[in-house]
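Undergrad: Given next are the chains, with one letter for each unit.
2 protein chains.
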Amino acid sequence: MDAKEASATDLKRPREEDDAAAAAASMETENGDQTKEPACFSSVIPGWFSEMSPMWPGEAHSLKVEKVLFQGKSDYQDVIVFQSATYGKVLVLDGVIQLTERDECAYQEMITHLPLCSIPNPKKVLVIGGGDGGVLREVARHASVEQIDMCEIDKMVVDVSKQFFPNVAIGFEDPRVNLVIGDGVAFLKNAAEGSYDAVIVDSSDPIGPAKELFEKPFFQSVARALRPGGVVCTQAESLWLHMDIIEDIVSNCREIFKGSVNYAWTSVPTYPRHVSLPFNIHGVIGFMLCSTEGPDVDFKNPVNPIDDSSSKSDAPLKFYNAEIHSAAFCLPSFAMKVIESKAN
Amino acid sequence: MDAKEASATDLKRPREEDDAAAAAASMETENGDQTKEPACFSSVIPGWFSEMSPMWPGEAHSLKVEKVLFQGKSDYQDVIVFQSATYGKVLVLDGVIQLTERDECAYQEMITHLPLCSIPNPKKVLVIGGGDGGVLREVARHASVEQIDMCEIDKMVVDVSKQFFPNVAIGFEDPRVNLVIGDGVAFLKNAAEGSYDAVIVDSSDPIGPAKELFEKPFFQSVARALRPGGVVCTQAESLWLHMDIIEDIVSNCREIFKGSVNYAWTSVPTYPRHVSLPFNIHGVIGFMLCSTEGPDVDFKNPVNPIDDSSSKSDAPLKFYNAEIHSAAFCLPSFAMKVIESKAN
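The listed protein sequences derive, respectively, from chains A and B. Residue numbering for the first sequence follows the working numbering, starting at 15 and increasing by one per position. Residue numbering for the second sequence follows the working numbering, starting at 15 and increasing by one per position.
In short, the hints are calculated from the structure, not lab data. The model shown is predicted, which means the values in this text are computed figures rather than measured ones. Worth double-checking, as some hints may not be accurate.
The list makes no distinction among identical chains, and a pair is therefore deemed to hold if it is satisfied within one copy or across any two copies.
[Unchecked claim] With a cut-off of at most 27 angstroms between alpha-carbon atoms, the simulated DSSO-like pairs for lysine-lysine come out as follows:
1) 272 with 138
2) 176 with 81
3) 332 with 351
4) 103 with 351
5) 314 with 332
6) 230 with 272
7) 314 with 351
8) 137 with 203
9) 137 with 314
10) 137 with 332
11) 225 with 351
Can you make the complete structure from the sequences, with help from the hints?
TA: What follows is the structure in C-alpha cells.
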C-alpha cells in the first residue's frame, strides 16, 4: 500500500504567502490576524467563498465567509475551513465545498443507510474515503455491525475534522472502527475476497485523481471484496448536468454487478462533496447502488430499519427515514429513460 | 379589479442609465451595443449574474452571463432576460431568477400535475401568476380541461416570455385559455363560489408584495372558489431554510382547507421562481397541496395519469411521472416531524 501520511504538525494557520489574485482583500482569521484571502475567495467575490470547477462551467455557488478558521496544504490537496454566515462551519478541499454543518446530515445519512438498510444484519463494512468521519458516525448506528474499516488517503482531512467538526468526527470514536491512511484502490486490491457485507465509496470526480474510482477495474475490486448479495453505494453525479457520465457508470456497473443496479438521488443544498472529490452539484447528489450475485437485494424496499434507540449516538436521524429511502429511487422521466435502458 | 397594464412598447433594450456599481464593466447586448451591466450582475461578480435576497442572507447563486437580451422596467418590477453559459436563456425579475430554459420543466410540470393528477377529470382550472405561460402549457396536456383562467399582474412578463421563451409561452396558444391582466387577490374575491376544480398559485415570497398570498384571507378566497373536493397547489418555500414560514403556512391551511393538507417538494437546480416571486431556494421547491371538504383527495396516490398522446403539445413530459409524484410527498425526518404535527 502506498500510503502517504500528512502529520498533525501540518495543521497550520492560514499561510502568509498567497497569490496575486488574493492581494486586493484581507480577512480576519481565528486568532485575529489580518491575512490575505485564499484565491478561491477573492478571485470571484471579495469576502465570499466561490466554488467553480471544469465540471460545471458557467456556474458558481457562493457562501458568505465570516472568518477563515484553518488553511493548510496536505500532500494531496488544499484544505480550508471557514465560518460561513448561514451554513455554520464549512470544509473546502481544493476549492470545492465538502461539507457544511447545516446540511451534512442529508449526504451522510443517505450514502450510509441506503445500502445498510437494504440488507439484513450487515456485519462488516468498508468505507473508502469519508475522512471527515460522518459516514462512520452513521454506520455506527447499526447495532449489527461488528467491524468498520476505513481507507482514507489524506490524514489532514481526518485531523481537521476532529478539530473543527466534532459532531461529524465523532464517528472515529466508535471502537469498531479501523482507520487506515492509504490509497483506496490498493486497499481493495489487497482485501480478502468476499469479506464485506457493504462497501461505501465516498469518492470524487471522475475528472481528476479519483478517475480510477469510476472505472471497471475498481468496480471489479469492489465486487470481489463483497460477499454474495453484498452491496456497494458510491456517489454518482448530478442528473441535471452529467447524464453522459452517469450513463457510462451505469453501463460499467451493469457489466460487473450481477445482482441489481440502481440509481438514487437526494437533495443537499450546498452540493457537498467528500474527501478530495467535487462530485455533487446543483443541490442534488446521486448514488449508484449495486449488489453482487447472491441473495436478492431490493434496494427500493428497505428490509433493515434503523432502530434509533440502539444507536451509540445520542443524536437522532435528521434526514433519513424509510419513506425517503424509497423515494430516492424515483427519477425524473428524462433520467429514468436513460438509466433504465442501461441498467436492465 | 385594479389591473394595471404595461403596454408592449415598454419592452425596450437595456437602459443606458445605470448605477455606480455597474460602472466598471460592460457587456455586449443582442444588437451588439456596448452597454453598462445591470446592477445585479456587476455588484457581485463582473460578467456573472448573481442573485441575493433578504430571504437567504449570506448566499448567492451565480450563472455566467453570455449576453443580455432584454432589460426593462414594468409597473411592478425590473425584467431582464440573458443568455447564460450553461442554462440557456434566463428570465430574471427584480434580480431573482424566475426560470431557465434548462430546468423549467421540473417546476412547471410538478406545480401543475401534482394537483391535476390527484383528481379525476379536472374541467375548470384557475392559475394565479404564472405569466410566462409554462403552467398553461402543462394544464393544456389534460384533455378533460375545458376552461383555463389565468390572472397575472404584470403584462410585461407575458410579452417577454412570448418574445424570448416560445417553448414556455406556447401555453398561451391553447384556445381554452382566458388571460386576465390584474390582481390575483381581487380576481379570487370576485370569482363565483365553488366554480373551480383546481387553483394553481404561482406566487412569490411572503416577504414583499405577495405577502397577502400567504395569509388566511387569500386562502379563504381560494377555498371559496373551489368546488367541494377541489384542490389548490401553491409554492411553499424550501425545507432547508424556512421551516418557520412553512409551519405557519401549514397551520393556516389546516384551519381553512377541511379536506387534506399536504407538503411536497422537488429539485430545481437554479431555484427558479415565477412571476414576481423569489420563492424557491437551494435547488428545491416546496408545494402546499390542499383540498376542500367533499370527495376525498389522496394526493400521494394520483388517480388521473396523464395520457401523453392526448396532449395538444408535441413535447413529451420531461420530469413528471406517477412515481415522482408520490415520492414528492416523502419528507426528510426533520421536516416531517414539524409538518405532520401541524397538518394533522
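Undergrad: Could you run down the list of hints and mark each one as holding or not?
TA: Outcome of the hint check:
1. 272 with 138: within (21 angstroms within a copy, 50 angstroms between copies)
2. 176 with 81: within (19 angstroms within a copy, 46 angstroms between copies)
3. 332 with 351: between (32 angstroms within a copy, 10 angstroms between copies)
4. 103 with 351: So residue 103 and residue 351 pass the 27 angstroms test across copies only (25 angstroms; inside, 39 angstroms).
5. 314 with 332: both (20 angstroms within a copy, 23 angstroms between copies)
6. 230 with 272: within (14 angstroms within a copy, 56 angstroms between copies)
7. 314 with 351: both (18 angstroms within a copy, 23 angstroms between copies)
8. 137 with 203: within (21 angstroms within a copy, 62 angstroms between copies)
9. 137 with 314: within (21 angstroms within a copy, 36 angstroms between copies)
10. 137 with 332: within (24 angstroms within a copy, 41 angstroms between copies)
11. 225 with 351: Answer is within; shortest intra-copy Cα gap is 26 angstroms, inter-copy 40 angstroms.
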